[in-house]
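Starting from the structure of chain A, add chain B where the hints point.
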Amino acid sequence: MTTMITLIPLLQLVILANAITFEVKNIQLYVVDQDQSQVSQQLISQFQHSDYFTMSGWSSQVSQGKKAIQDDKANLAMVIPHYFQRDLITQKHASLQLLINAVDGSAASVSQTYTSAIINNFASRLTRASGAVNISTGHIGLDNHNWYNPQLKYSIYMVPGLLVLLVTMVELFMAGMNITREKELGTIEQLNITPIKRYQFISGKLLPFWIIGMAEMAVGLFVGWLVYALPFVGHLWLIFAGSAIYLLVMLGLGLLISTVTETQQQAMFVGWFLMVVFLLMSGLFTPIESMPLWAQHITIGNPVAQFIEIMRNVLMKGSNLRDLWFQFTDLSIMAVTVNALAVIRYRKTHA
Amino acid sequence: MRSFIGFVIKEFYHIIRDYRSLIILFAIPAVDLVLFGYTVRNELTRAPFAVVDPSRDQVTTEIVQKLASSHYLEFEGYLKNESDIDPAFKAGKIKEVVVFDRKFAHKLTHNRSAGIQLIADASNPNMGALITAQISGLVQQFQATHASGPPAGTPINIRSRLLYNPDLRSVYLFVPGLIAVILMLISALMTSITIAREKETGSMEILLASPLRPIQIIIGKVVPYFFLAFIDVLIVIIIALSIFNVPFRGSVTLFLCEAGLFELTALSLGLLISSWSESQQTAMMTAQGITLMPTFILSGLIFPISSMPRPLQWLSTIIPARWFLVIVRGIMLKGIGIEVLWKETAILGGMAFLFLFLSLRAFKVRLD
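As given, the protein sequences belong to chains A and B, one line each in that order.
Under our numbering, the first residue of the first sequence is numbered 27, with each subsequent residue one higher.
Under our numbering, the first residue of the second sequence is numbered 12, with each subsequent residue one higher.
Accuracy of the hints is not assured; some may be wrong.
Derived list of chain A stretches under chain B, where covered just means 3 residues or more per stretch with a C-beta under 8 Å from a C-beta of chain B [to be verified]:
#, stretch
1, 118-127
2, 177-189
3, 293-302
For the chain A half of the interface with chain B, some residues (derived, Cβ under 8 Å), not all of them [as the list claims (entries may be wrong)]:
#, residue
4, 130
5, 290
6, 306
7, 342
The hints are simulated quantities; they were obtained by calculation from the structure and are not laboratory data.
The beta-carbon is built from N, C-alpha and C at its ideal position, and this holds for glycine as well.
Here chain A stands alone, though its shape is the one from the complex:
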């Protein structure tokens, strides 16, 4: 049980972080070439040479292209109409059509951008080759910089968040089931008649889990650094200070769950439900900024969201305590509230 609890999270960290990327690669392109001219051939070969595209098929029927998209054989169909080459040469202007599977909206807009870039590039080379001079007056040059993650690597953004999540799962469930188990087994009675004080009892229950959590955090950071070259831009002590408070919140929450539930099953149900809500509203997978405003306000009460924010900002940007005072205060308030509630509830049920 203990090995399962500690090993599975680490294994998940090492394996699953690789799966997480919004990057769009291997766009399946279906070509409907009704023109079958030299120019259309040249255009198609531009796509064949691109790393982002894979040819999924070729036909001269638009219906075939639509079918390929429907059957998930293609993400995108490019329709080159009749007289494409003729129009381009005689009228200096021609159109073509893109059919894009937009079920995944963000992937669709990215593939649209890539495709347009290749076509425009091809078009401008054609114009240059034909000698037409393209004078654009007042050109605005755009220069893009990506700070903190210049290679746009997804893993270094995800690993700190995943680590938070995996530590949370272990702590919340272990602590959540701990007292309930004593209740189920009846050993809680024995503990209640010992001269031990309530706060001593609660802190005695918390401390071992707290130490396990801190150790797990340290190991996880080390693995992240080893496997994913996690950057450590900020101060490490801030991370551990954050972990210390955060673990108190989660353990307190676990204890609170176990004081309000009677069986391990109920404790696990509640813990599970909280976990899924915390997870999907934490900004781990989808950004908090994309949520509606009311939901963004709710995340103030989500310890996972706050701690992930601390982890990412410290590790990637080197934010300091002044930048993150809100998150630290928020977590501290939660820690005090939750643990106070746990102690009060515990007294009520056993007074």
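For chain B alone, coordinates are given in the frame of chain A:
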């Protein structure tokens, strides 16, 4: 057969008597779908940006106004100079900074060229790239409308048609996906503790001593939960259609059949976990380890499978939700039928059969 029916009815009573757990089983999927339908999104909305503009002339003001009026972006004000950018990013208040050249308008008219730097907080690479693309697009639009002289027309005109989801709404992508994931989690969770509980409380002996055959016990455990889970299916689909207005273009009958099949797969997986575990605690932890994170990450719910490294693409094929996701999105958004989805359906059916078979095997071992 009569004893089997009696057993199924007994199991039904067991579940219905515990009305608190019952409420949880119906409330969790409903609450989850409503909450996550609103929150699991990845499009750009009101991304905060700031501007460093040493020239503050007519052109730069116009560009800033154009950016500020986009509903994807939110103008947070001017920064004094470039050294203010890093602290602003570190405090997390803004995601992108637009830096104009000195004497921007002057350069644009006299040198025929002026520069803008777009600096993104790329700690979230996806957001960074999206915001940069958005701002670049707006600046290029500005340039196209304000360019003096002959318009620099592109010789090839591209007309794009976005099929199935023309407004590029991520709700249409995520809500059908969430249906798959929520059903998976709740179903596997439901059955994962059933047999383990009988073992822990000792009532397993009684069951084994009864004239029921193992296969009847296994099926009898699944049947009641199958009905409960089917109510969950109806709840989530009604929410998806009424609250989130996700289009439903395909056949409702086919959807219900496929959902039933998927339920069966998930319930059987739970049952398998249950017959492998000795205690409820182990069963729950295993169910969580196997279903929660792998389903979220590897099913294609949020992250496209085609972008994953090869070995993980292979790994994703053993995730049942991955196949049901293709089915739900196919039926709801594309309106396709069984003639396209037969492969996914067959895989789900095969998995359900395999899980049931394996739990039967694991169950028999406990007999001796």
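Under 8 Å, Cβ to Cβ, is where residue 306 of chain A needs to be relative to chain B, so tell me if that hint holds or is violated.
Nearest chain B Cβ about 5 Å off; hint holds.
Does residue 342 of chain A meet its interface restraint, that is, does its C-beta lie within less than 8 Å of any C-beta in chain B?
holds (4 Å)
Claimed coverage, the stretch 293-302 of chain A by chain B - three or more beta carbons nearer than 8 Å:
n = 6 at 8 Å, threshold three: holds.
Quick one: see if chain B covers the stretch 177-189 of chain A, three-plus residues with Cβ-Cβ under 8 Å.
holds (count 4)
Measuring from the C-beta of residue 290 of chain A to each C-beta in chain B, is the shortest one below 8 Å?
Holds: closest Cβ of chain B sits about 6 Å from residue 290 of chain A, inside 8 Å.
Counting residues of the stretch 118-127 of chain A with a beta carbon closer than 8 Å to any beta carbon of chain B, are there 3 or more?
holds (count 10)
Restraint check, 8 Å cut-off on beta carbons, for residue 130 of chain A near chain B:
Status holds, d = 5 Å.
Violated hints for the displayed structure: none, as all numbered hints are satisfied.
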